Structures are given as structure tokens and as C-alpha cells.
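Given these sequences and hints, build the entire structure.
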Amino acid sequence: DTAVSQTPKYLVTQMGNDKSIKCEQNLGHDTMYWYKQDSKKFLKIMFSYNNKELIINETVPNRFSPKSPDKAHLNLHINSLELGDSAVYFCASSQGMAGANVLTFGAGSRLTVL
Amino acid sequence: AQTVTQSQPEMSVQEAETVTLSCTYDTSENNYYLFWYKQPPSRQMILVIRQEAYKQQNATENRFSVNFQKAAKSFSLKISDSQLGDTAMYFCAFMRTSGTYKYIFGTGTRLKVLA
Numbered sequence: 037d038t039a040v041s042q043t044p045k046y047l048v049t050q051m052g053n054d055k056s057i058k059c060e061q062n063l064g065h066d067t068m069y070w071y072k073q074d075s076k077k078f079l080k081i082m083f084s085y086n087n088k089e090l091i092i093n094e095t096v097p098n099r100f101s102p103k104s105p106d107k108a109h110l111n112l113h114i115n116s117l118e119l120g121d122s123a124v125y126f127c128a129s130s131q132g133m134a135g136a137n138v139l140t141f142g143a144g145s146r147l148t149v150l
Numbered sequence: 017a018q019t020v021t022q023s024q025p026e027m028s029v030q031e032a033e034t035v036t037l038s039c040t041y042d043t044s045e046n047n048y049y050l051f052w053y054k055q056p057p058s059r060q061m062i063l064v065i066r067q068e069a070y071k072q073q074n075a076t077e078n079r080f081s082v083n084f085q086k087a088a089k090s091f092s093l094k095i096s097d098s099q100l101g102d103t104a105m106y107f108c109a110f111m112r113t114s115g116t117y118k119y120i121f122g123t124g125t126r127l128k129v130l131a
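So the sequence lines, in the order shown, correspond to chains A and B. Okay, so the first sequence: first residue is 37 according to the numbering used here, each after it adds one. Okay, so the second sequence: first residue is 17 according to the numbering used here, each after it adds one.
Hints are computed from structural coordinates only; laboratory data are not their basis. Note that the structure is a prediction, hence the values are computed from the model and not measured. Note that beta-carbon positions come from the ideal geometry of N, C-alpha and C, so glycine has one too. Any given hint might turn out to be false.
Said to hold, decoys possible - The list that follows gives simulated cross-link-like pairs (lysine-lysine, DSS-like), each with its CA atoms no further than 27 Å apart:
#	chain 1	residue 1	chain 2	residue 2
1	A	K107	B	K118
2	A	K77	B	K128
3	B	K118	A	K88
4	A	K80	B	K118
5	B	K71	A	K72
6	A	K76	A	K45
7	B	K71	A	K76
8	A	K45	B	K89
9	B	K118	A	K45
10	B	K118	A	K72
11	A	K80	B	K94
12	A	K58	B	K71
13	B	K89	A	K80
14	B	K86	A	K80
Claimed, not checked - To list a few chain B residues with every Cβ distance to chain A over 12 Å, as calculated:
#	residue
15	P25
16	V29
17	E33
18	S58
19	I62
20	R79
21	A88
22	S90
In C-alpha cells form, the structure reads like this:
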């Protein structure tokens with residue numbers, strides 16, 4: 037039973053295309069996140085949702101649009117893909133947002149834009 | 017703004033030996049949490065250990081322990097009896113307990129355990 041599952045694991049696409057990455061967690065957590073890990077392994081938060089409400093929205097281009105249909109799902113849609121969007125995108129979840137919460141990560145989705 | 021610095025991009029250690037990974041951070045907060053996460057080649061990040069800033073006692077999880085020096089803003093990870101399965105990227109992370117609850121990650125240390 038995968039706790040946080042992301043699909044697809046790998047995505048190769050052309051510049052200008054639109055793509056989506058899906059994330060689902062079966063832990064009963066109320067908070068979900070999207071992180072981006074660049075080629076140098078730097079991990080940075082993009083978005084966070086708590087009970088389907090957007091809590092954190094970092095300085096991410098508005099080509100990126102998260103959507104949380106319910107507490108267990110957080111999808112990421114990317115419009116007009118650019119070369120610089122190539123990265124590994126991690127979904128994560130936690131129970132609550134206070135400092136003691138531990139993130140449970142998905143296995144990541146590697147996006148390659150050609 | 018908080019920052020987390022891991023000054024060792026890469027390290028290696030012989031199997032069964034002990035290794036220490038460094039992490040320093042900068043914050044004006046008094047209460048916060050610190051974490052070490054591990055990312056093996058399979059890519060999935062998993063929690064190694066967690067420390068609450070108001071606790072003076074260093075956290076320990078089996079072979080993993082931390083040396084938390086609050087005044088020096090230092091949070092190093094010690095891995096004892098290193099195993100091949102410890103080969104991974106290790107990320108230090110900071111989270112404050114007020115305002116926007118978001119993790120700040122360091123740039124990672126790639127650890128290789130040698131047979």
C-alpha cells in the first residue's frame with residue numbers, strides 16, 4: 037500500500053505542451069504539498085493545501101496551477117511548458133501544518149521538457 | 017528569512033565506520049523544528065530524525081543521532097556503524113512554529129558508504 041502515490045513517474049514532453057501530475061495519499065492527512073527538486077537537488081516548496089484550501093503559494097509562475105478536489109488528492113497542472121520546468125516534482129502530505137508534522141513524500145515525478 | 021546550509025556536498029565513509037554530516041541554519045525564531053531527511057537512489061524522501069528546538073536533549077534513532085547546538089545554530093547528523101543502505105542524499109530541514117509553516121531545506125549532502 038503506497039502512502040503517497042504520484043503519477044506518472046516519468047514524463048517527457050515538448051516545450052509549449054500542457055501536462056498534469058496527479059497525487060493521492062491514503063494516510064488520512066489533511067495537508068498536501070508540491071515540491072520541486074532541480075538538477076542540483078535543491079528542494080523547494082511550491083504549494084501547500086490544508087483541507088483543500090491553498091495555504092502556501094510560493095513565487096511560482098502562474099503556468100502552474102494546483103488543484104485539490106478533496107483532502108486526499110492534490111494535482112499539479114502545468115501550462116505552456118518551458119525547458120526550465122524540467123525537474124523532479126514531489127508530492128508530500130502531513131497531518132496538520134504545525135512544526136512537529138513529518139512529511140511523507142511520494143516517489144517523485146521526473147519531468148523532462150525537450 | 018531562514019536559511020539552511022549544508023557545507024559538505026559529498027562525503028564517503030567505510031562500512032561500519034561513523035560519519036557526521038554538518039548543517040547550520042539561520043533564524044531569529046526561538047521555537048522551531050529541525051529534521052534530517054534521506055533520499056536514496058530510489059528518490060523517495062524519508063524522515064531520518066527530528067529535533068525540537070526547545071528540547072536540549074539530542075534526538076536519537078537507532079544508529080542515527082544529532083548534535084544540536086542551539087546557540088551555534090548547528091544541527092549535525094551522526095551515523096554510526098554505517099551500512100551500504102545508508103548511501104543516499106541527506107537533507108537538513110528547518111521549520112518554524114509560527115507564521116507560514118513551510119520547510120526550508122538545505123542543498124543536501126551526498127553520502128556514499130563504501131564496502
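Status of the hints after comparison with the structure:
1. A:K107 x B:K118: 18 Å, holds
2. A:K77 x B:K128: It holds: about 16 Å lies between the C-alpha atoms, which stays within 27 Å.
3. B:K118 x A:K88: Holds. K118 (chain B) to K88 (chain A) sits at ~17 Å (cutoff 27 Å).
4. A:K80 x B:K118: It holds: about 10 Å lies between the C-alpha atoms, which stays within 27 Å.
5. B:K71 x A:K72: Violated, because 31 Å separates the two Cα atoms, which is more than 27 Å.
6. A:K76 x A:K45: Holds - the C-alpha atoms of K45 (chain A) and K76 (chain A) are around 19 Å apart, at most 27 Å.
7. B:K71 x A:K76: 33 Å, violated
8. A:K45 x B:K89: 37 Å, violated
9. B:K118 x A:K45: 25 Å, holds
10. B:K118 x A:K72: With Cα atoms ~14 Å apart, K118 (chain B) and K72 (chain A) stay inside 27 Å; holds.
11. A:K80 x B:K94: 25 Å, holds
12. A:K58 x B:K71: Outside the cut-off at roughly 38 Å; violated.
13. B:K89 x A:K80: 21 Å, holds
14. B:K86 x A:K80: 24 Å, holds
15. P25: Violated: least Cβ distance 9 Å, not greater than 12 Å.
16. V29: 19 Å, holds
17. E33: Nearest chain A Cβ is 24 Å from E33 (chain B), so the label holds.
18. S58: 7 Å, violated
19. I62: 7 Å, violated
20. R79: 19 Å, holds
21. A88: Since the minimum Cβ distance to chain A is about 20 Å, A88 (chain B) lies beyond 12 Å and the statement holds.
22. S90: 19 Å, holds
Checked against the numbered hints above, the structure breaks hints 5, 7, 8, 12, 15, 18, 19 and satisfies the rest.
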